[in-house]
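Number of protein chains: 2
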Amino acid sequence: MGKSIGVGLIGFGVVGGEVARVLSDKAKVLAAQVGCPIVLRKVKVLPADLKRPRARQMNAGLFTTDEDAFFNEPGIDIVVEAVGGENPALSYLERALSGGRHVVTSNKEVIAKHGARLHALAGQHGVGLRYEASVGGGIPLIAPFQDDLVANKISRIYAIINGTTNYILTRMAKEGVDFSSALKKAQELGYAEANPRNDIEGIDSTYKLAILASLAFHAQVRPEDIYHEGISRLGSRDFRYARQLGFAIKLLAIAKEEDGSVEVRVHPVFIPEDSFLAKVDGVYNAILVEGDLIGKVLFFGEGAGALPTSSAVVADVVALAQDVVLGVRCRAGWRLEAGKVIRPMSEVDTRYYLRMVVADQPGVLAQIATAFGDHHISIASVIQHEADSAAQAAEIVIMTHPAREASMQQALGELEHLTVVKEISNFIRVEA
Amino acid sequence: MGKSIGVGLIGFGVVGGEVARVLSDKAKVLAAQVGCPIVLRKVKVLPADLKRPRARQMNAGLFTTDEDAFFNEPGIDIVVEAVGGENPALSYLERALSGGRHVVTSNKEVIAKHGARLHALAGQHGVGLRYEASVGGGIPLIAPFQDDLVANKISRIYAIINGTTNYILTRMAKEGVDFSSALKKAQELGYAEANPRNDIEGIDSTYKLAILASLAFHAQVRPEDIYHEGISRLGSRDFRYARQLGFAIKLLAIAKEEDGSVEVRVHPVFIPEDSFLAKVDGVYNAILVEGDLIGKVLFFGEGAGALPTSSAVVADVVALAQDVVLGVRCRAGWRLEAGKVIRPMSEVDTRYYLRMVVADQPGVLAQIATAFGDHHISIASVIQHEADSAAQAAEIVIMTHPAREASMQQALGELEHLTVVKEISNFIRVEA
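Just so you know, the sequences run in chain order A and B.
Just so you know, we're using the working numbering here: the first sequence kicks off at 1 and counts up by one.
Just so you know, we're using the working numbering here: the second sequence kicks off at 1 and counts up by one.
Do not take every clue at face value.
In silico lysine-lysine, DSBU-like type, Cα no more than 35 Å apart, as pairs [what the hints assert, rightly or not]: (1) Lys296(A) to Lys422(B); (2) Lys422(B) to Lys174(B); (3) Lys184(B) to Lys422(B); (4) Lys113(B) to Lys153(A); (5) Lys296(A) to Lys153(A); (6) Lys256(B) to Lys279(A); (7) Lys3(A) to Lys28(B); (8) Lys279(A) to Lys113(A); (9) Lys174(A) to Lys185(B); (10) Lys51(B) to Lys153(B); (11) Lys256(A) to Lys153(A); (12) Lys256(B) to Lys113(B); (13) Lys185(A) to Lys422(A); (14) Lys279(B) to Lys340(B); (15) Lys3(A) to Lys51(A); (16) Lys340(A) to Lys174(A); (17) Lys51(B) to Lys279(A); (18) Lys3(B) to Lys340(A); (19) Lys28(A) to Lys422(B); (20) Lys184(B) to Lys153(B); (21) Lys422(B) to Lys279(A); (22) Lys28(A) to Lys279(B); (23) Lys174(A) to Lys340(B); (24) Lys340(A) to Lys28(B); (25) Lys28(A) to Lys256(B).
Beta-carbon label-pair distances, calculated as ranges [unchecked claim]: (26) Gln384(A) to Lys174(B): 41 to 47 Å; (27) Val14(A) to Ala332(B): 53 to 59 Å; (28) Lys3(A) to Ser261(B): 53 to 59 Å; (29) Val341(A) to Pro402(B): 55 to 61 Å; (30) Lys184(A) to Lys184(B): 37 to 43 Å; (31) Pro402(B) to Lys184(A): 56 to 62 Å; (32) Gly246(B) to Ser346(A): 46 to 52 Å.
Covered by chain A, per the in silico footprint, the following chain B stretches (three or more residues, Cβ under 8 Å) [stated by the list, open to error]: (33) 44 to 55; (34) 136 to 150; (35) 313 to 319; (36) 372 to 379.
Calculated directly from the structure, the hints in this document are not laboratory data.
C-beta atoms are modelled at their ideal positions from N, C-alpha and C, and glycine is treated no differently.
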């Protein structure tokens, strides 16, 4: 055989360290798969990384803290970026691709924001760019959209793609705890970061949905195109009502296409409690895809963690190594079709759950129903519990039939100004 | 572009007809994916196929009933076999590969029985062989095992891969009907064939499991290596007891590997009712895979039908067409590792559910418990209902702790000879 495939690794955190371990521990199996050995030739690290136990077990000559030294190292066919975040990761990827190296990354933010341009850069330099680990950890998702489902016209994606929020929502649903104590528990267990904003506000999910929707619909979907709401305003009362009405509450990343109009949004959603996605608990991820030929297909697994992520990263390394061995210099990038437009959130049609506190007096429901009726929103059901006689207030919950988001927002604006409405406590969209 | 990729199709039944439709209707999208058009150049049919409405809409010159004419047709890069069954499909595949054509097939029986040899033949002739549609319809499964999960050591596969039996079991569980009326309904709906033996006896599942296990464990697993039992002896009483004990009954295809020893079996199984697989209803398929890096990953979708099958077939055609365009002549075949052995069914360890009719008299349970104890089988729980005083008989249900299959079979042999045991009504393995 003689030949070998050289890998350069940027980043030696939990993912980078695990990738290095897998390349070493499974060298024999991977070589059998590719037809020649895959050899880790250089690791670009931060000084602090050198103190990690795993780094100290490895040949010290593999490591460098110097970016130029890393990129000047000869014999690197494939660069693996495991740094995360937009910068400096983006510049590493650009430098690797421009230098004629194939690239593997797990970086959802960079791919979501710059995927089309990076693919074009890879094309110019005749190299490959892969990022299976960027969405859903070790669950195969990028490859299915790029290859296995290629004959389908994809109509919908419903995805639980953030384990942190799904863990928090699961605890809230099962134990009746409030958001802040569920978050605290997630932080204690290492499922949520000290600064959890990216996860709980749905930003992480928008990066991942941007990638999936771009691939599925052959459209350039940017993170900023995606309407997003987080989970921090969900109350334990919402979970109780959801259960009573036969629903679960999940943070869903939703993407739909109809006649070239692409709808993309991330927000808490009521979904039927007997649906598969309602049963996805804890840190697990699940992605439901609907296509004209496949019907419904669902992918489920651990969406994060060093091991699942390294599974996807190493699979990408193997695929690129096979291309090197087979003499394939470059595969096609994102295939963007002309004429696709992103539908504004205001034009989305969906059902709504609305919880509010109203004055406990006659005629209240009539006033509310009138406000809805004026905007052509039809009420499907109403729950009104015993009034709090001391406060002279009652809580009511309304489920609507499908309505236009803009109409609903206008109706909400009017409801807020009714003197009988003391508080609009929450407002959650429904996918049935 | 100038160039195009020629496809020859063998078989024009429901799957073949749908593949022809997709190649035609989606020609533009597929050409964009490949970089040049994919053109159907010849269809080998049976005379009766020519009367199908779809055939009459197509150019009559595309069709031939003559095998030699088909294989002598110039400009065919990829042969799609959609005939099914072992013969003559096997000879078509051999002729296509030997003639230097890439091959796509949905034929589980041929791949299960002859996959390794056909891969070797493809290798000799420098062509590709793909069969994504052979297991799980449109659900990506072959590609995940061959590519996406390649860094994993797979330890287990639990699969519902026969929609017919899953439909029947779902009706039996939900409606309390018996096997024969559920089968009749499945036949009326077209979910079961007039001769349903291959499905209900678990034979179809052994073909599919042989393919998955061979790929997952890099071992040659033949259909005849797989222990199989069908679902026809399940009674509605078993479903009632299962529910009472917190289980569902599914026909599972199970594959495990530990230290080079491969366990492969297809039979009805009690699985916990809150597990994902327990919730897979109707004709849907689901495949749960456990690996050292990914943990658990699950694939779910429609496991059969012309549309999902054509999704997988056309994806394979596209993948091979891309290889043709990129100049890739051949990929590696089944990577078989030395030293793997198939564990005999008698050495499998599992838990058991046992339902029997016994004499309604003192000391019966002691005699049964002694028979189990003599074979080192430990009883986990016993359910005994009101006796039928007229018959002087009682039904008892026993759940065991894990035990060796050989021991269990010996114990059952002894129980049968106890005069207090009137009938061993059923015996179902338990995966918890």
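A quick look at each hint next to the structure:
no. : hint                               : in the structure
1   : Lys296(A) to Lys422(B)             : 48 Å, violated
2   : Lys422(B) to Lys174(B)             : 30 Å, holds
3   : Lys184(B) to Lys422(B)             : 31 Å, holds
4   : Lys113(B) to Lys153(A)             : 34 Å, holds
5   : Lys296(A) to Lys153(A)             : 12 Å, holds
6   : Lys256(B) to Lys279(A)             : 26 Å, holds
7   : Lys3(A) to Lys28(B)                : 40 Å, violated
8   : Lys279(A) to Lys113(A)             : 31 Å, holds
9   : Lys174(A) to Lys185(B)             : 38 Å, violated
10  : Lys51(B) to Lys153(B)              : 50 Å, violated
11  : Lys256(A) to Lys153(A)             : 11 Å, holds
12  : Lys256(B) to Lys113(B)             : 20 Å, holds
13  : Lys185(A) to Lys422(A)             : 33 Å, holds
14  : Lys279(B) to Lys340(B)             : 33 Å, holds
15  : Lys3(A) to Lys51(A)                : 33 Å, holds
16  : Lys340(A) to Lys174(A)             : 41 Å, violated
17  : Lys51(B) to Lys279(A)              : 47 Å, violated
18  : Lys3(B) to Lys340(A)               : 29 Å, holds
19  : Lys28(A) to Lys422(B)              : 57 Å, violated
20  : Lys184(B) to Lys153(B)             : 42 Å, violated
21  : Lys422(B) to Lys279(A)             : 43 Å, violated
22  : Lys28(A) to Lys279(B)              : 39 Å, violated
23  : Lys174(A) to Lys340(B)             : 44 Å, violated
24  : Lys340(A) to Lys28(B)              : 17 Å, holds
25  : Lys28(A) to Lys256(B)              : 22 Å, holds
26  : Gln384(A) to Lys174(B): 41 to 47 Å : 35 Å, violated
27  : Val14(A) to Ala332(B): 53 to 59 Å  : 32 Å, violated
28  : Lys3(A) to Ser261(B): 53 to 59 Å   : 35 Å, violated
29  : Val341(A) to Pro402(B): 55 to 61 Å : 59 Å, holds
30  : Lys184(A) to Lys184(B): 37 to 43 Å : 56 Å, violated
31  : Pro402(B) to Lys184(A): 56 to 62 Å : 39 Å, violated
32  : Gly246(B) to Ser346(A): 46 to 52 Å : 48 Å, holds
33  : 44 to 55                           : violated (count 0)
34  : 136 to 150                         : holds (count 10)
35  : 313 to 319                         : holds (count 4)
36  : 372 to 379                         : violated (count 0)
Hints 1, 7, 9, 10, 16, 17, 19, 20, 21, 22, 23, 26, 27, 28, 30, 31, 33, 36, counting from the list given before, are not met by this structure.
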